[in-house]
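Under the UniProt record's numbering, read the sequence shown as residues 1 to 278, first letter to last.
Fair warning: there could be bad hints in the mix.
Said to hold, decoys possible - Taking lysine-lysine pairs in the PhoX-like style, the calculated list, with each CA pair at most 20 Å apart, reads: (1) Lys222 - Lys159; (2) Lys74 - Lys95; (3) Lys197 - Lys159; (4) Lys149 - Lys136; (5) Lys197 - Lys218; (6) Lys96 - Lys80; (7) Lys96 - Lys136; (8) Lys136 - Lys159; (9) Lys69 - Lys98; (10) Lys74 - Lys96; (11) Lys159 - Lys218; (12) Lys136 - Lys95; (13) Lys95 - Lys69; (14) Lys95 - Lys80; (15) Lys80 - Lys69; (16) Lys95 - Lys149.
Don't read these hints as lab results, they were simulated from the structure.
Bear in mind that the values here come from a model prediction, so they are computed numbers and not experimental data.
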Amino acid sequence: MGLNKEILLENQSMGDILKGRIPNKLVPLKHKMDGRWVDLGLGTISPIRDDAGNVQLRIFTRLDEPQYKISPYKELFTDKEIERLETDGHLGSTKKMKDFTSGRECECYVSVHEATNRLTTLPVDALTLPTRIYGKEIGDDIEALRSGKEIFVEDIHLKDGRVISGHARVDANRGDVVFRNDNNPHLRIHDTVFGVKISADIQAKLANHEVVFIPGMKVSGKTISTDLRYSDTGRPLFGNNARNYRSRLGEENPRPRQRVRRRLPSLPGAQPKGMKIG
1 MGLNKEILLE
11 NQSMGDILKG
21 RIPNKLVPLK
31 HKMDGRWVDL
41 GLGTISPIRD
51 DAGNVQLRIF
61 TRLDEPQYKI
71 SPYKELFTDK
81 EIERLETDGH
91 LGSTKKMKDF
101 TSGRECECYV
111 SVHEATNRLT
121 TLPVDALTLP
131 TRIYGKEIGD
141 DIEALRSGKE
151 IFVEDIHLKD
161 GRVISGHARV
171 DANRGDVVFR
181 NDNNPHLRIH
191 DTVFGVKISA
201 DIQAKLANHE
211 VVFIPGMKVS
221 GKTISTDLRY
231 SDTGRPLFGN
241 NARNYRSRLG
251 EENPRPRQRV
261 RRRLPSLPGA
271 QPKGMKIG
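Could you build all of it, start to finish, from the sequences and the hints given here?
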């Protein structure tokens, strides 16, 4: 369904729209017909770019059940593929089908937009894959990434001295590659933190989440000399934040930090956001 100026959107996320992403937040949609507003139910909008480069906005109302279970779409997928979409939200491979945005037949990445229960597609040839993730070369794994598989990227050295590992995949909802930090329980520190070379002893203290004074750190374009500490989840803390932080590591029964997925009574929860790839 096309979107025109007579569509009323309430509190829609323009940030996602401007980035070419389908917002997860559902809003009431109304359409003006014959001088009166017609309720279209809950839905969202998405920018669609045609082959000529023109961008149009289209609305996507929420389906009562996943689109891959509704004819004729369910005939496109095998039972194994439907199970993968149901459990993972992504096909985990590419599939030759009609791209929903351009209408052309091509190899596509396929994901499920959880908020609307609709399938999203991204043509393989429309995406330029990165050769690096946070500066780490992914090498031959780029072929696995291109085929729609999730890849493991190990020992990424960040500028703040942390070493992280995680998984990357193509997400058709976001039209890009997304990276998920695995948040390794054991914090590893590189020998340089915020541009300052540190000793093995300082590395060990930071890896143990201790407070250490580091002179001459380059942070947000400024040079600072202050206390540094890493939180339980590996986030760098400075100054008073570092000194006043209360770690729960080492407690006999530490309260786990849980990821809460907010849910409305009749709607699926919002998808977790992927980490931006540098």
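Hint by hint, here is what the structure shows:
| no. | hint | in the structure |
| --- | --- | --- |
| 1 | Lys222 - Lys159 | 14 Å, holds |
| 2 | Lys74 - Lys95 | 14 Å, holds |
| 3 | Lys197 - Lys159 | 12 Å, holds |
| 4 | Lys149 - Lys136 | 18 Å, holds |
| 5 | Lys197 - Lys218 | 12 Å, holds |
| 6 | Lys96 - Lys80 | 16 Å, holds |
| 7 | Lys96 - Lys136 | 31 Å, violated |
| 8 | Lys136 - Lys159 | 12 Å, holds |
| 9 | Lys69 - Lys98 | 17 Å, holds |
| 10 | Lys74 - Lys96 | 14 Å, holds |
| 11 | Lys159 - Lys218 | 10 Å, holds |
| 12 | Lys136 - Lys95 | 28 Å, violated |
| 13 | Lys95 - Lys69 | 17 Å, holds |
| 14 | Lys95 - Lys80 | 13 Å, holds |
| 15 | Lys80 - Lys69 | 13 Å, holds |
| 16 | Lys95 - Lys149 | 12 Å, holds |
Going down the numbered hints, you'll see the structure goes against 7 and 12, while the others check out.
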